[in-house]
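**Student:** Spelled out, the chains give:
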Amino acid sequence: MQNKLSFHQSSVSLEIIGLPDYSNNENKDQISIISQWKLTIINKPLIEGKIEHLGPIMNAFYIYSNLLIKNEIPLYESKLIDIKADNLHIHNIVLKSTKPNVKPLILKIGNSLLSDTINCFDQLNESPKVIIKKTDLSNNMTKKFRFGLNKKFKFLNFIMPPFIAICSLILFSSSFIYFYNPFENIEKKELINSE
Amino acid sequence: MRKSYVNNTIKINEFDALIKITAEMSRYLYPYIREILKSKEDLEENSVIWNDFNKRFIELIKERFNIDSMKVKKLLNRADNDEIIIKYLLTLSLCISNQGYQKLKNFLYYF
Chain A
1 MQNKLSFHQS SVSLEIIGLP DYSNNENKDQ ISIISQWKLT IINKPLIEGK IEHLGPIMNA
61 FYIYSNLLIK NEIPLYESKL IDIKADNLHI HNIVLKSTKP NVKPLILKIG NSLLSDTINC
121 FDQLNESPKV IIKKTDLSNN MTKKFRFGLN KKFKFLNFIM PPFIAICSLI LFSSSFIYFY
181 NPFENIEKKE LINSE
Chain B
1 MRKSYVNNTI KINEFDALIK ITAEMSRYLY PYIREILKSK EDLEENSVIW NDFNKRFIEL
61 IKERFNIDSM KVKKLLNRAD NDEIIIKYLL TLSLCISNQG YQKLKNFLYY F
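If you're matching them up, the sequences are chains A and B in order. Quick note: the first sequence uses the numbering used here, first residue 1, plus one each step. Quick note: the second sequence uses the numbering used here, first residue 1, plus one each step.
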């Protein structure tokens, strides 16, 4: 018999179905092995999937909402889900199925439904009855996003040391020019020779 | 930005307390915040809620803020303030969980 937990926020509800991990001495009403989840948004098609899809979808919503609030370009793209803003009030969500020959599901939600959805995810994160492994959530940053960060970081690391080295070399060598005057030396030699 | 003759700097614990109160208030007022956001999504059907809120918002700003400040003037301009108000409401609506205080603090530090 599987456990079922629901989280509600206004027009959105999130249902988590799964089992406790008895090997970890968990209570029988806990869920740590999630077998299925369902996200119901009123007047929209049902969204459901396995645990490996829940993490990326939750992350997508969190990253997207952060981008929105921080005045950055509100666009999130991944293999599983794309979210972009149509305008200030409407957000376009494209859910791509992992099964072949299944068309992506396109949803348009407003700010009210977006905040309801994120609040449902918050309730799930804070629930002591559902244990989601950190790896399920943290490893789901888009490859594009992660790559972007790495690339920037590595590029700077790669370019900065030689750049600083060349600059300091030029700076030091140019200062030494004032100590050595080749014409003066030639004149001195000529004087010695004439003597 | 506030209409005040005393220029007091806020202490960190007072700032924290204000964030806690705001997060608690936004949890309590979430249904109203949500309705205001929703009314803006479909102005043809629910324009009354948005217009009433915007009117009251401007009234309060005029009453309590220094209207000579450029930032405040921007808030008072009905053509420009939509985006700012929506951002504020959305920020509050995302901070109603138990960790809402921390979330709001992070958002505020970013602003």
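Just so you know, the hints here were simulated from the structure itself, not pulled from any lab data. Heads up, a few of these hints could be off.
Result set (EDC-like, lysine to aspartate or glutamate): computed pairs, CA atoms no more than 20 Å apart in a straight line [claimed, not checked]:
1) K87(B) to D86(A)
2) K96(A) to E126(A)
3) K108(A) to E63(B)
4) K44(A) to E35(B)
5) K108(A) to E44(B)
6) K20(B) to E15(A)
7) K62(B) to E83(B)
8) K70(A) to E83(B)
9) K108(A) to D80(B)
10) K70(A) to D82(B)
11) K44(A) to D42(B)
12) K70(A) to D80(B)
13) K87(B) to E72(A)
14) K105(B) to E72(A)
15) K84(A) to E63(B)
16) K73(B) to E63(B)
17) K108(A) to E59(B)
18) K44(A) to E83(B)
19) K108(A) to E77(A)
20) K55(B) to E45(B)
21) K44(A) to E15(A)
22) K38(A) to D82(A)
**Student:** Can you name, in rising order, the numbers of the hints this structure does not satisfy?
**Tutor:** 2, 3, 6, 9, 15, 17, 18
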